[in-house]
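*Asks:* Chains as they are written, first to last, in this note's numbering: chain A, 1 to 162; chain B, 1001 to 1564.
Source of the hints: derived by calculation from the structure; they are not laboratory data.
Quantities reported herein were computed from a predicted structural model and do not represent experimental measurements.
C-beta: ideal position from N, C-alpha, C; glycine also.
Keep in mind that a hint or two might mislead.
To be verified - The list that follows gives simulated cross-link-like pairs (lysine-lysine, PhoX-like), each with its CA atoms no further than 25 Å apart:
1) A/12 to B/1312
2) B/1312 to A/62
3) A/72 to B/1145
4) B/1312 to A/2
5) B/1527 to B/1500
6) A/72 to B/1500
Claimed, not checked - Computed far set for chain B versus chain A, every beta-carbon distance over 12 Å:
7) 1030
8) 1033
9) 1146
10) 1155
11) 1170
12) 1172
13) 1184
14) 1251
15) 1292
16) 1307
17) 1312
18) 1379
19) 1496
20) 1515
21) 1556
What the hints assert, rightly or not - Facing chain B, from chain A, some residues (calculated, C-beta under 7 Å):
22) 21
23) 25
24) 29
25) 62
26) 66
27) 68
28) 69
29) 70
30) 71
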Amino acid sequence: MKHTISLLVENKFGVLSRIVGLFSGRGYNIDSISVGPAEDADLSRMTIVSSGDDRIIEQIMKQLNRLVDVIKVVDLSRESFVERELALIKVAASPSTRSEIVQITNIFRAKVVDISTRTLTVEATGNEAKINAIIGMLRPFGLKEIARTGKTALTREYRGRT
Amino acid sequence: MSEETINGAKILIKSLLKEGVEVVFGLPGGAIIKTYDELMLTPGLKHVLVRHEQGAVHMAQGYARASGKVGVVMVTSGPGATNCVTGIADAYMDSTPIVVITGQVPVPLIGNDAFQEADTIGITRPITKHSYLIKDVRNIARSVKEAFYICRTGRPGPIVIDLPKDVQASSARFDYPKEVDIRGYDPVLEGHPGQIRRAAELISRAKQPVLYIGGGVGHSNAGPEILALAEKMRIPVTSTLMGLGSFPGDHDLFLGMLGMHGTWYANTALDTCDVMITIGARFDDRATGKLADFGKQATIIHIDIDPSAISKNVHVDIPIVGDVKSVVRQLLEHVKPGEMKSWLSEIAKWKKEHPLAYRNQGEGLKPQFVLQELSRLTKGDSIITTDVGQHQMWAAQYYRTRRPRSFITSGGLGTMGFGYPAAIGAAFARPGEPVINVSGDGSFQMNLQEIATAVEHKLPVKAAILNNGYLGMVRQWQQLFYDRRYSHTQLDITNPDFVKLAEAYGCLGIRVSRPEEVEPLTLRALKEPGPVIIDYVVDKEENVFPMVPAGAANKDMIEDVHES
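Please model the complete structure; the sequences and the hints are all you need to start from.
*Replies:* This is the structure we're talking about:
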């Protein structure tokens, strides 16, 4: 099963390689990883999507916690969380297909961010399922290049009436 | 606070002195020469010159394990650092507190493939508890403070400090921090009171409990607490290789070692027990055998300082994260002795029916006999270090170590060549005590250059080489599992004459080849104040038994080759 793990780490030289090295050294999967500065300039927040049974995920959490530069580890999949991913999709577009591609882009509330005589580049944001869906819809036109950020996520504060 | 500035090399030396470091093991080179210069100019810090950097790391490990203090290594960049890698990996696996200071090329040259440059931090990242590349002289003091704190607290482990040459030469004020503040590091020391009470109730109700202790007991100095718990409750105790010495080897509650070459009765007790109390051990594959069959009957309590050790290999019913010493002290207050008579008499019967045994016949010298004699002649009180292989298992089986921090071996990584330098380190840690390195002819040749170091310091280090002319443990596997095809395990044709080798280095060499020579010649070696190399010429094809074949359950152990 896929787990989304959120990490708060020191924003220091070498921290990313410690974390990535832990995954590869112990044979854990990384499906995606996204990193950026957090609320303090000296902190970074990472979102790692990994897969494995409960025992493996428990070990991953514990091993991450052992790293001195890791301040907090949360398995978001155990709680309610907001997730987003951004994708840039360069798709082949001729004068005859261009408007259909723009329509699809609008349905997904995505944006066209670049255009040429032969291509359109679409910026899409959403959860993984939505990104997969728009890529699926654009595929028949001919996908040229795709760049995805990987998932980034935060816990949800609003818990609703449960 | 002084306004005076001093150079980085001096800041490093002063920081080490602030940490109470007494001795540094190392070898100088171009990228650490400035620090070696300050080392010579600053009184109070002893330096032991090694002949190969791997030796320095094992010495620091031996020093740390024998003393409980942090062992310190100082080497140059590039090959100096890469030669340390095996020792650092060994310290990581066995949770040994050492700090390795490596020189590095000047900051502007890092990444340029400069002379003697290696990415030391990158190479050692998976085998260190933490590491520092110090690019600014103002960070030296704080980094050293943090390094020592992280190294010795929680689950101990090796730390690398990589110090570029230009940082050693630039200057800053020296203010040694009093406190450390590391927001991502806060080891749990006190066990959860509710878990401790649950464990205590379970132990008090147990009919057939076993204590299974590991290296964490030694690191935590919890030997006395374990002894008190075992004696109060009359619970038998088995130990991993790393736990040996933490419980007296001659105690009637002691079952000896468990696992692949453990005793029949230790493995059987674990297979039969209703409550397994695992303390400071990590359920290593050499200890557990086939995991699915390990401790099937038992409710398992696991006390360990490292949360990641818990439920890693074996499902644990009552985990307690905390310092072993403090947790066992609290347990002691809550447990109530039960009736152990029938369990202990069952175990006594097993000990009688399935003792550790070997066939002591013929004229040849049996390695097990040598170990029994070493144990008898030193009353189990010597510090023992070992290398890795058959001799190591015989030492674990037949040398009845009675004192904590006195059985120093390479457990997790299994590093041949560990024992001799480790013995030198132990000799510096506990001056005046004899140290015996039980070794094999294969292992000993992996770090024998350190004889020079032992001779230079006239250390009472006795190398007891069980010389069978083979890489014996591999040969044993080849005999049992590869139809006696001895692929590249024979050494005797080209082995040196170890007595002449000793003499070439200026130390006493003794050869022992007959059983009746063991006592007089061993006593002579022990009486000699300086280093001695004893070449025990033993039976070539003696095997270590009992043995659990790799992948088999511990209960399926082979007691003798003639059964297999």
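*Asks:* Need the list of violated hint numbers for this structure, in ascending order.
*Replies:* The structure breaks hints 1, 6, 9, 10, 13, 16, 17 and 24; every other hint is satisfied.
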